[in-house]
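J.: Please arrange chain B on chain A, whose structure you already have, making use of the hints.
There are 2 protein chains.
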Amino acid sequence: MAGQARSGCPINAAVEAFGDQWSLLVLRDVMFGDRRSFRVLQSQSEEGIASNILSDRLKRLVAGGLLTRDGAGPGRRATYSLTEAAIQLVPVFAQLGAWGLRHRPTTRELRIRAELLEAGGPMMWSDLMDELRERHLGVPRPRTGRESAGERLERAHADAVAASAG
Amino acid sequence: MAGQARSGCPINAAVEAFGDQWSLLVLRDVMFGDRRSFRVLQSQSEEGIASNILSDRLKRLVAGGLLTRDGAGPGRRATYSLTEAAIQLVPVFAQLGAWGLRHRPTTRELRIRAELLEAGGPMMWSDLMDELRERHLGVPRPRTGRESAGERLERAHADAVAASAG
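In the order they appear, the protein sequences are chains A and B. Under the numbering used here, the residue at position 129 of the first sequence is numbered 133, and the numbers go up by one with no gaps. Under the numbering used here, the residue at position 12 of the second sequence is numbered 16, and the numbers go up by one with no gaps.
If you are wondering where the hints come from, they were derived from the structure by calculation, not from laboratory data. These numbers were taken from a predicted model, which means no experiment stands behind them. All C-beta atoms in this analysis are idealised placements derived from N, C-alpha and C, irrespective of residue type, glycine included. Treat each hint with caution, since some may be false.
[Said to hold, decoys possible] Pair ranges (Cβ atoms, derived): (1) B:74 x A:69: 55 to 65 Å; (2) A:144 x B:143: 28 to 38 Å; (3) A:69 x B:72: 52 to 62 Å.
[To be verified] One-sided and incomplete, this derived list gives chain A residues near chain B with beta-carbon spacing under 8 Å: (4) 11; (5) 24; (6) 89; (7) 114; (8) 156.
So here's chain A without its partners, still in its complex pose (with noise of 0.2 Å):
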């Protein structure tokens, strides 16, 4: 992730960037799932991710410019934010999860999500992109009079979630 690139090419240095598999699938977690702390992040796992890896693709990410770790001291836990560059992946993801959700099996609580998001389209994108950057970096969002993108993700994933136990 640091050091020289293997080439100019835009995709080779994005997928240099952030595109090992683990550090996506953390990117995912704190952007998707509000997963602020190192704690969550691995509790709440999906994947199952390993504490060494996570500490490891978390380091990588902050000197990569793609998170912020903030807040560590005697009795507190450090809180990761994105920043501006990890907030502009949503259209990334979003693609992505329209790519998996068509071509690989998926299970309906973890593929709502990808669902809506595929349906909202770029408007939805860049509603989330804005309370995204409410939340990690404290700019007030524009008032769009829509439903906000982030509360309709989550509630449909807790109804996803709700269906399947019940």
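T.: This is chain B only, laid out in the frame that chain A set:
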């Protein structure tokens, strides 16, 4: 790539299918560079892919249903073709490239195609997917009256290479 997925999340599923860095770069070169044989993929690689890595990733991409391998025989080299699933990665590559353009250093010759793809938006991506279906799957493309997306990308890239050489 084969075997049980780590979770039923569509983003994880996508990342497991093609998300290792070299696999993505090989798909990029088949898709945008029309590099169809092992020899061309290796000798023209901007990132200097090693032959053992290329060989492994081609096998994995074939096993994972993203490439097909045809035509090897006495005195003939194998040719690789994109599958429909791989062709549907065009929007993922477009978004990855758009992100890399904005957030990482890139070089002009390798940047121009990502710039055009971003500016062209979903209509250009759709045209390009139709052209790839014709070239890789033998499905005649619809007549749109628009200039070929692939030719526009190719010409812009050739012009940028000529300009930087001249």
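J.: If you take the shortest Cβ to Cβ gap from residue 89 of chain A to chain B, is it below 8 Å?
T.: With Cβ-Cβ at 5 Å, under 8 Å, it holds.
J.: Lying within 28 to 38 Å: is that true of the beta-carbon distance residue 144 of chain A to residue 143 of chain B?
T.: At roughly 49 Å between Cβ atoms, residue 143 of chain B and residue 144 of chain A fall outside 28 to 38 Å, so the hint is violated.
J.: Would the stated hint for residue 11 of chain A survive a check requiring a Cβ distance to chain B of less than 8 Å?
T.: For residue 11 of chain A, the interface hint holds, since the closest Cβ of chain B sits about 4 Å away, which is under 8 Å.
J.: When you take the CB atoms of residue 69 of chain A and residue 72 of chain B, is the distance between them in 52 to 62 Å?
T.: violated, 39 Å
J.: Using the nearest Cβ pair, does residue 114 of chain A come within less than 8 Å of chain B?
T.: holds, 4 Å
J.: Would the hint on residue 156 of chain A stand, with a C-beta cut-off of 8 Å toward chain B?
T.: With a minimum Cβ separation of about 17 Å from chain B (threshold 8 Å), the hint on residue 156 of chain A is violated.
J.: Given residue 24 of chain A as an interface hint, is its Cβ closer than 8 Å to any Cβ of chain B?
T.: holds, 7 Å
J.: Given the hint of 55 to 65 Å, is the C-beta distance from residue 74 of chain B to residue 69 of chain A inside that range or not?
T.: violated, 43 Å
Checked against the numbered hints listed earlier, the structure breaks hints 1, 2, 3 and 8; every other hint is satisfied.
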